[in-house]
Structures are given as C-alpha cells and as structure tokens.
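**Student:** Take these sequences, add in the hints, and give me the full structure.
In case you want the letters, here they are:
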Amino acid sequence: MNAKPDARSILLVEDNETIRNAFAVLLRESGYVVEQAASGADALARAAEMDPDLILMDLGLPDMNGLEVTRRLKKDPATARARVIAITGRALETAYEACIAAGCSAYVAKPVDTRLLLRIIEEELGKARLEKHPKPPQT
Amino acid sequence: MIELQLFLRGDHEEAVRLREVLGREGFVLKRSLDRGEGAEIRLLEGADAPHVEDEEKARQIEELEVALRELRNLDVAKSQFLANVSHELRTPLTAIVTYGEVLRDGLLGELNDRQGEAVQSVISSSRQLLGMIEEILTYARTGARAIDLEASNFPIGGVIESAHEMSASLIRKKGLNWETTVEVELPSASADRDKILHVLTNLVGNAIEFTPAHGHIRVSARRWETDPAWLCIAVEDSGIGIDAQHHEMIFREFAQVDSSRSRQHHGTGLGLAIARNFIQLHGGQIGVDSELGHGSRFFFTLPSVEVNGLSEEP
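These protein sequences, in sequence, are chains W and B. Following our numbering, the residues of the first sequence are numbered contiguously, the last one being 139. Following our numbering, the residues of the second sequence are numbered contiguously, the last one being 1314.
Some clues are possibly wrong.
One-sided excerpt, in silico: chain W residues whose CB lies under 8 Å from chain B [what the hints assert, rightly or not]: (1) ASN16; (2) THR18; (3) ALA22; (4) GLU29; (5) VAL33; (6) TYR107; (7) LYS110; (8) ARG129.
Simulated crosslink set (DSSO-like; lysine-lysine; CA at most 30 Å straight-line) [what the hints assert, rightly or not]: (9) W:LYS75 - W:LYS127; (10) W:LYS110 - W:LYS75; (11) W:LYS127 - W:LYS74; (12) W:LYS110 - B:LYS1057; (13) B:LYS1173 - W:LYS127; (14) B:LYS1173 - W:LYS75; (15) W:LYS74 - W:LYS110; (16) W:LYS127 - W:LYS110.
For the record, the hints were derived by calculation from the structure and aren't laboratory data. Note that beta-carbon positions come from the ideal geometry of N, C-alpha and C, so glycine has one too.
**Tutor:** Structural data, given as structure tokens:
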C-alpha cells in the first residue's frame, strides 16, 4: 500500500536494523509515512527535521535511554507536538509509570503484537486530531 | 583448628562437593542454608580463628580461596552467558514474528486459507519460543544477582485479579472453574509487586496446564498460620498432582517431573526456580502440597506491612 497524500507521519526509533526494517514494513504497508532513527541523537535530529505526528520509541537505545530522548523531545517546542509510544522490554507496571512521567502517551511491551500496536497508533493519532481541532463546547 | 563458614543454596552442587572435600581436610564447617545468596564460603578471622602457624595449612587455605573466587566468577559468567545468548536470540525471533504478522494480516497481499494457517503456525511457534527465552533471561538475571526488589505496599487481591485477567482466555478455553478467596481485612503485602505478579502468573499457568478440562483452580490469600504477620498465598488445582518424591525437585532449575523425550508438558523447567528465587529474595517461603492424582496446592509467604513495622495508609 502506498501512503496517501494526507498520510500521517511516524518516526521509528530502534537501534536494531532487522527489527527496525520489520516495523518499517508493517507501518508503511499500513499506510503511514515512515522515517527511521537508529539512536537517541539521531532521533532528536530527525524529529526536529520532519515534525512527525507520532514517534515509536524503543527504550533500549545505545547512546541514551529512550525515556531521556522523550523528555528532551517534549521539552523542545519544535518536537513537543508528537505523541510518543514507548516500546518496552517487559510488561511491568513500574515501567508504565516511568513512561508516562517522561511524556509518553502510551506503551507497548515486547514482543509487540502488531495488531495491538496498530490499534494504539490509531488511537493516539485520533487523540492528536481531537487536540488539534477541539470540538466546540456543547451548550 | 581453622573455621570456615559455608553459605550455600541447598542445591548448589559445586558448593556441596566443596563442602565434602573441605570436611575431609579436617576443617570445621558451618553452613547456612536457603537464603538465596548462592554459594559463598568465608574464612572466619579475628578472635574466632586461631593463629595459623603451620605454613602448609596457610598455603592450603590460600589455594582454597583462589578456587572459591574462580567458582564464584564462573557462576556469574554462566549467568552472564545465558543472558547474552537469550538477548541475541530474541532479536531475529522478533523479526520473524513481526514479518509473520504482516503476512497474516494481508499487508503484503491476501493469503489463501492454507497459507494463512501456515503463517499462523510460524507466529505461534515463534511466540512460544520467545516466551521460553524470556524465562531463561529472567532466570539468568536472578542468577547474576542483577535483580533488585522495588518494594511497595499493595493489596494482594489486586495482584490475584491481574494474574486472573492475564490467564482468562486460557481458563475459558479449558472450561476451568476459577475461584478467588481473600481473607477479610487482610493487611497489604510489602513486596515487589511485579515480581509477585510474575510468581503468581507462573503458578496459575502451571495449574492451568496440569489441570484437565472442566477442573477447578482456587486462589486464596490469608494470614499465614505459622506467623500471622506474614501473608500466605495459595494456588490450588484439581489437576494431575505431583508425587511426594518430586516435591523438592520441581523447584530446581531445568527440572521437570517427566524428563523423557516423549513428555507431554513442555517449557524450560525454569518457571518454579524463578518463582523460588523471587520469593526467597523477599525472605519468604515457597512450597507445595500434592499427591499424585489428587491435585496440587502451591503456596508462598510474603511479608505484610505488619512485618515491616509500617501501618497501612488510610
């Protein structure tokens, strides 16, 4: 499937090339515009360039923790808009709290269930749309 | 006489062998068991240890200390190796699962029924393998002492509910009857919630696996009879049960009751070893009451807020 003209953009941050390629195929074939970053520094630079709608953030990056990258993205007005979904090693509730505190909107535990991931991405993009065009207050 | 103090887990073979050797050499040995520290031997010094005049003996002691250091390093290296291998195995498997799901969901073109079934088998088997690798990784981490407890106070009923939710589809599939009983006004547990959820999920998973369709699983939490300041959590099933001679063995790593190649139940044989490690890290106990053919009752104890001298927040 090719991305439609109004396709939403996703920055995929994952250091392992094999896994990054697999997720890139999944996201592209699902109709998103996908950019990739292999490290924290790379992610910060790419996010500033492309202004993505959403960022998929693996937490185990070689140069800095994915949560630290998220905190920096959220601090910078140029990149703060993007919703961040963390991909964590284990499904721990403590990990979830840390993700939210760092500024992520959601998290998905490895091994990632792709249907679940796509659903969460759609939910997050839906919320982003609502924030952009808030419903008129009801009278 | 030189006094050596030996700390070891009851099942640590190298340490047990070492103890036998040392015993033959005429050392007085003290042994403390089952605190989860692994094998460690300490030479008592100071007032307790008489001055060593015999040079031959001093040399022997030095050799022993070197051997012990090597033993300890080997133990850590083994766990590190397991952790590295598991991590390396996970990456390609994750790619297999992801590409499999992309194919299954028709993102690269619709599949016919037979293709879809084949791809689904690839995904299921890979996920099963990933689960086992995750278990080995967790075990290796506890072996390398790389696990810290993050203690908090929480009601145990919520953890039982989470374990139930995580297994709900399997329970439904087998038509099992599930029952939870939590004693009224039970004090909160004071423990690492994620670790306890892991232990409980493992015990529930075993109960599901070893209980025939339409049987029952009962999970209960109450004050421990032996010491009411501790909680006792039990998972009881109407499954195939375990012969008394195997009750200790099943908590050892890589052990399964039926180790024959034709065995019906699969897995790494690490689940209960991990559970035991986690509970021992909390200072608790874990055990089983069971008889072949009459179901099993696994139980473990946990410190409550009362043990730690804290009163529960309102």
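**Student:** Against each hint, give a clear statement of whether it holds in the structure.
**Tutor:** Hints versus structure:
1. With a cut of 8 Å, the hint placing ASN16 of chain W at the interface with chain B holds, because the nearest CB-to-CB distance is about 6 Å.
2. Evaluation of the THR18 of chain W hint against chain B yields a held restraint, the C-beta minimum of about 5 Å falling below 8 Å.
3. The interface hint given for ALA22 of chain W holds, since its Cβ lies 4 Å from the closest Cβ of chain B, which is under the 8 Å cut-off.
4. For GLU29 of chain W, the interface hint holds, the least distance from its beta-carbon to any beta-carbon of chain B being 4 Å, beneath 8 Å.
5. With 8 Å as the threshold, the beta carbon of VAL33 of chain W stays out of range of chain B, its nearest partner Cβ sitting at about 16 Å, so the hint is violated.
6. At a threshold of 8 Å, the smallest CB-CB gap from TYR107 of chain W to chain B is about 14 Å, leaving the interface hint violated.
7. Given the 8 Å rule on beta carbons, the hint for LYS110 of chain W holds: about 7 Å separates it from the nearest Cβ of chain B.
8. Given hint, ARG129 of chain W at the interface with chain B, is violated; its Cβ is 23 Å from that chain's nearest Cβ, farther than 8 Å.
9. This hinted pair checks out: LYS75 of chain W and LYS127 of chain W have alpha carbons roughly 20 Å apart, not beyond 30 Å.
10. Only pairs whose Cα atoms come within 30 Å are accepted, and LYS110 of chain W paired with LYS75 of chain W is accepted, the gap being roughly 27 Å.
11. Restraint check for LYS127 of chain W and LYS74 of chain W: the C-alpha separation of about 17 Å stays at or below 30 Å, so the hint holds.
12. Between LYS110 of chain W and LYS1057 of chain B, the direct Cα distance comes to roughly 55 Å. Violation of the 30 Å bound is thereby established for this hinted pair.
13. Between LYS1173 of chain B and LYS127 of chain W the alpha-carbon distance is near 35 Å, which puts this suggested pair outside the 30 Å criterion.
14. Of the supplied pair hints, the one linking LYS1173 of chain B and LYS75 of chain W is violated, its CA atoms being roughly 48 Å apart against a limit of 30 Å.
15. For the given pair, LYS74 of chain W sits about 24 Å from LYS110 of chain W by alpha-carbon distance, which is consistent with the 30 Å threshold.
16. For the hint linking LYS127 of chain W to LYS110 of chain W, the alpha-carbon distance of about 24 Å falls within 30 Å, and the restraint holds.
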